[in-house]
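Peer 1: The chain contents come next:
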Amino acid sequence: MSISPTEAEEALEAIQVMVKKTRRAISNSGAYAFLIIWGVVWLVGFLGSQFLPAEIGGYFWIVMDVLGGVVSAITGMRLGKNIRSSKNTISGKQIGIFWLLVFLYCGAALWVSGITEGKQLAMLIILFVMLGWMAMGLLLSFYSVWTGLALTLLALIGYFFLPNLFYLWMAILGGGGMIFMGLYIRYRW
Amino acid sequence: MAELNEIIHQPIRLRTMAALVTLEPNEEVDFTYLRKLLDVTDGNLGAHLRKLEEAGYIFINKVFVERMPRTYVSATAAGRKAFIEHVTALELILKGK
Numbered sequence: 000m001s002i003s004p005t006e007a008e009e010a011l012e013a014i015q016v017m018v019k020k021t022r023r024a025i026s027n028s029g030a031y032a033f034l035i036i037w038g039v040v041w042l043v044g045f046l047g048s049q050f051l052p053a054e055i056g057g058y059f060w061i062v063m064d065v066l067g068g069v070v071s072a073i074t075g076m077r078l079g080k081n082i083r084s085s086k087n088t089i090s091g092k093q094i095g096i097f098w099l100l101v102f103l104y105c106g107a108a109l110w111v112s113g114i115t116e117g118k119q120l121a122m123l124i125i126l127f128v129m130l131g132w133m134a135m136g137l138l139l140s141f142y143s144v145w146t147g148l149a150l151t152l153l154a155l156i157g158y159f160f161l162p163n164l165f166y167l168w169m170a171i172l173g174g175g176g177m178i179f180m181g182l183y184i185r186y187r188w
Numbered sequence: 000m001a002e003l004n005e006i007i008h009q010p011i012r013l014r015t016m017a018a019l020v021t022l023e024p025n026e027e028v029d030f031t032y033l034r035k036l037l038d039v040t041d042g043n044l045g046a047h048l049r050k051l052e053e054a055g056y057i058f059i060n061k062v063f064v065e066r067m068p069r070t071y072v073s074a075t076a077a078g079r080k081a082f083i084e085h086v087t088a089l090e091l092i093l094k095g096k
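Residue numbers (numbering that gives the first Met the number 0), protein chains in the order written: chain A, 0 to 188; chain B, 0 to 96.
It is worth saying that the hints were derived from the structure and are not from the lab. Here the structure is a predicted model, which is why all the values come from computation and not from measurement. Please note that the accuracy of each hint is not assured.
To be verified - Cross-link-like lysine to any residue pairs, in silico, SDA-like; alpha carbons within 20 angstroms at most: (1) A:Lys118 with A:Ala134; (2) B:Lys80 with B:Val39; (3) A:Lys20 with B:Asp29; (4) B:Lys35 with B:Ala46; (5) B:Lys94 with A:Lys19; (6) B:Lys50 with B:Lys94; (7) B:Lys80 with A:Ala107; (8) A:Lys19 with B:Val39; (9) A:Lys19 with B:Leu37; (10) B:Lys80 with B:Lys35.
Work out the full structure, taking the sequences as your base and the hints as a guide.
Peer 2: See the structure below:
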């Protein structure tokens, strides 16, 4: 079998296109949905904390977290298993249960600690959500560990160094950043 | 010296192998998902997968997932080796060797 250099070049280009398309499809297989869900929760929740009275802001967060948890659980359960791995046998249902447990434990930790101050509450919830996010990233190879670490660092910087702007900081950079990244993975990656 | 592989060189089979070798060695892809990725029909993909399976380049795994029958496809070690050799041969042709 012999082919011309032009045909060889075309074949190599076709291979490169397919490799890129496959990598993009694997990346798209769910991670972006969780980024957008939690981006919206953070954006709305933190804006509420910044601009609403403290008591209402607190309740606002509880509602947003419960909504985020339920939507994440449903999304996890509905995630298709398009790529299976012999190393990774985690089902969508297990992902859903995992997120429910993260929220139950977060709720228990808040209850036991007795924290009532808004920023501390928010920071503890952020730490739990980010821990869950990174654990899921490691288990499902979503390559989302770096995103989780970056958002955690961002939150800690805001918490310790920008206390007066913490909520706005987290709404725009944290929530907005997550939504932007989710949309970027979905449409551009 | 690496030689062109006639079974792999056919455009759909070439793209199929490119997609399969992109996955980790322990991973397999759902038939329907692969069909959408390649933008081909069921019958077309099925025929090309049979050719690749006969050559020992891919493994077709028919299983039940939550009581639903599903077909998963993966590249074998021989398939990965043959694909790499084919790519090497293409690169040599391009370099004019």
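Peer 1: So, for every hint listed, does it hold in this structure?
Peer 2: Do the hints match the structure? See the list:
| no. | hint | verdict |
| --- | --- | --- |
| 1 | A:Lys118 with A:Ala134 | violated, 24 angstroms |
| 2 | B:Lys80 with B:Val39 | violated, 25 angstroms |
| 3 | A:Lys20 with B:Asp29 | holds, 16 angstroms |
| 4 | B:Lys35 with B:Ala46 | holds, 16 angstroms |
| 5 | B:Lys94 with A:Lys19 | violated, 23 angstroms |
| 6 | B:Lys50 with B:Lys94 | violated, 30 angstroms |
| 7 | B:Lys80 with A:Ala107 | violated, 52 angstroms |
| 8 | A:Lys19 with B:Val39 | holds, 18 angstroms |
| 9 | A:Lys19 with B:Leu37 | holds, 12 angstroms |
| 10 | B:Lys80 with B:Lys35 | violated, 25 angstroms |
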